[in-house]
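Protein chains: 2
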Amino acid sequence: MTTATTAVGALSALDKSKPYAELCALLRDAAVWKSVNATLSWDQETLMPPRAAPLRADQLQSLSGLVHEKFTNPRILELVNKAEADTALADDDTAKANLREIRRDYEKHVKLPKSLVEELARCASLGMHAWKEAREKSDFSIFRPWLEKTIELSRKKAECFGIPAGGELYDALFDEYEPKMTAARTAEIFKPLREFTVNLIDRVRGATDNFTKAPDTGNAHRDTPIDQQKLFSKRILEQMGFDFMAGRLDVSTHPFCESPGPGDTRLTNRYRPDGWLDSVSSAMHEGGHGLYEQGLPPEWFGTPLGDAISLGIHESQSRMWENFVGRSRPFWGWAFGLAKDVFGENVMHALDADKAYKAANLVAPSFIRVEADEVTYNLHIMLRFDLERAMVAGDLAPKDLPGVWNKRMKSDFGLDVPNDAKGCLQDIHWSMGAVGYFSTYTLGNLYAAQFWEAMAKDIPNRGGMMGKGEFMPILDWLREKIHRHGRHFSAEDLCKRITGAPLQSDALMRHLDAKVKAVYNV
Amino acid sequence: MTTATTAVGALSALDKSKPYAELCALLRDAAVWKSVNATLSWDQETLMPPRAAPLRADQLQSLSGLVHEKFTNPRILELVNKAEADTALADDDTAKANLREIRRDYEKHVKLPKSLVEELARCASLGMHAWKEAREKSDFSIFRPWLEKTIELSRKKAECFGIPAGGELYDALFDEYEPKMTAARTAEIFKPLREFTVNLIDRVRGATDNFTKAPDTGNAHRDTPIDQQKLFSKRILEQMGFDFMAGRLDVSTHPFCESPGPGDTRLTNRYRPDGWLDSVSSAMHEGGHGLYEQGLPPEWFGTPLGDAISLGIHESQSRMWENFVGRSRPFWGWAFGLAKDVFGENVMHALDADKAYKAANLVAPSFIRVEADEVTYNLHIMLRFDLERAMVAGDLAPKDLPGVWNKRMKSDFGLDVPNDAKGCLQDIHWSMGAVGYFSTYTLGNLYAAQFWEAMAKDIPNRGGMMGKGEFMPILDWLREKIHRHGRHFSAEDLCKRITGAPLQSDALMRHLDAKVKAVYNV
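Sequences listed follow chains A and B, in order.
So the first sequence is numbered by this note's numbering: it starts at 1 and just counts up by one.
So the second sequence is numbered by this note's numbering: it starts at 523 and just counts up by one.
Because the hints were derived from the structure by calculation, they are not lab data.
Treat the hints with caution; some may be incorrect.
[Said to hold, decoys possible] Cut-off 27 Å, straight-line C-alpha distance, at most; resulting in silico cross-link-like pairs (DSSO-like, lysine-lysine): (1) B:Lys-1003 with B:Lys-979; (2) B:Lys-636 with B:Lys-702; (3) A:Lys-70 with B:Lys-636; (4) A:Lys-114 with B:Lys-592; (5) B:Lys-756 with A:Lys-114; (6) A:Lys-230 with B:Lys-756; (7) B:Lys-636 with A:Lys-34; (8) A:Lys-234 with B:Lys-654.
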């Protein structure tokens, strides 16, 4: 049956090769099931009544098992072999890239037994429920058994995948989120960034009398009504080009983007009375993810060509919109006008674009990653990267996590963590079974900085446009260079294609240095 | 694996009989899949972005196919045969009832080919999308092809089930919603009610100068803020005993209740600025459905003992809460106090409990079924019952529906239908493929009236309690007499057990007669 989401015309390769067409249809069917899983996960985190948790765990377990079965169907391998040998596709680079990635996925999937996949899904669903309660009560003991189980199952999973040559167990997990990246290479890229960040924080510390003398931000963090904050987020997302006919914006504890498939990309945000600036950042962050999802070619849904490359590239999109656009001076030239429209001139009194810009860019050590400024943010990530790597290696027992976390917060940030809700319980990731994920945020910052510099050459008047709220040239550039390709290129190849260089930390350091100069004049 | 929703202790029959235990586990697994379908359907009608419609149709089609496969697994029949022969269950009436119904379901399911089930699901998902647009634009031509397809597929489905002895094609569809009920028997029960209703309307017409002189209701239909209406609905539902930890209340075009499974029962309502009284009725209606679902024994989830008997019995619950409780004078003694709390004394000025009661009970011909008064409501149902019966029989072509509908509205109600949105496009049911459903609303009214009279003997001070907002005795009675039994008894048997008589129209006519006397004094 022809599916309604299949575009006409773009798929000539499917007409040329029968095995390839059958393969893509098979994968599309599997992806439909995966999309059901995504819709239920979204519901679980936004709307589900608490007493539905046991049933939801059953549902997600069953779905994960079925999806795994679909992705490990031996027919996939047969068809890949046939399609690769099909001379009709000999000159089709796109089909070749697709087949390369389909083979890669299949070979990963078949390494996992279905029982483990189901157990992981069940543990993630119930573990997230426990994490929510633990976080609310700031009681690590509620989450501890689930963290232990999660690490244990993650290690099992990593063992099934197998340690890459010259690598470590953690790499096998990392590869799911950032294909081909390793812990060692990440640590190597992070090293100069870490040294630079510590120095930069010291520069700010010196200029601000140990963070007590901030630039004049006109008390920007004032109270505003939540409903107006929601509207403000929505207006900014619309301006960025997010299609609300094919998506939503809702509320959750932890902002996220879930995109079951074409036409259905869902963002969430969170709001505090005094948090309107934070809500802009997280709306733009999730919006960046959402635009990537909305920019993937729907006609390839279910195949790698219709999928995002890696979490690092995904984060490059979210962090670019959040930081390079949303924390820029030109952006606030436009956005502050909108803020006056939405919240009213009275509420925004004694504030202006420049002060709002500075308020969005204050640097100070803080407890919560998602509320951290652009400079200290990467230290939060490095902390999580080191600790999860140690847990997977067996060098850190989950029960010791709070103590080690708090010690590191003291040494890295000079902060005494008052409770675990503000410490090791703040993030949802481990409760969802996402171990090996965190470093992709900083990888995303690094990719974003490098892409942003490359984009400047193509859009010389970028600042002027942003100052008028014209973001379409940016979105078009991202669609052309990144979104439309799906997984045609690897992250590393894409980076070289766009920027002429492999991933490195220089561009981000240049960006942060300039930012601190602009805001703190040091 | 022991599922978290399985209660401990109540399931000794499962310990006694291995085939029965395996059978129930198999059905529970199938029900988990069905519950996924329900969650996605709920999402589709409440939150789904419009452009997700094609993907959602794919999802629901795949799910329906899989659920059908699970329900037609030949292992079910093997296990039913074994369990029925298992002497360990010889004295277990509950197990016997469960097996009787499991066999019945299985024998129905295997009559449908999977391809037809998938086609029906696809047609329902896309058809509902088209119906929404057609209704918005009041353009029947948008929905017409989908209605034609729906009737065609429904006839195919009915033919697969087969016409019951002495019955008609329509009965095969009817049986899915109201097992063992027939169109002929329904028509027979409806006949005296129809005559009585026409007379009753004439009495009101005479007393009100052709509906122009209503009783003094203090302009009860005044504007109130939507947010406060939502709160009012929620407070009433809480008072009725609806568990919001295991459910939700949201907004949709057409109010409904969807209950994927234990712990997850979702109601929707709709609100207009001048519709606070209507929103109370629909909240209580859907709440009645929700309480039935929340009252089913969760430990039997997936088997008939954990399921509702029929739509007629389901509607008896919704219509009882809506009409027998929510449109009673004692109820308004309590609810008007709550209305003053929620909306403010100022907004409720010049209104009192008695006027609100009368406003909720005005009788007048109108276009929209879900906004109809208790008396004319059944005429709306009879119209739909007759027309869908004619469409299934092939005596009425879907293309002729608007004309025939409007003619009947003229003869039954004396009304000229201004557009199809207020006519044959107003209801969601046919767009969802629910053909054979409508008469269960009036059957529900009839059951409700008969149950309500029986309840009076057990709760003599019912009026006094309702006047204080004490609804738990009513809910407890319903749970004890109806909810906890699942499908242990057939609708007819349950009715005889509770009321000592088969279903008939006398009790409802007594109730309506008394209501009109109280409100119109005729």
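To test your reading of the hints: which numbers does this structure violate? Violated hint: only 5; rest satisfied.
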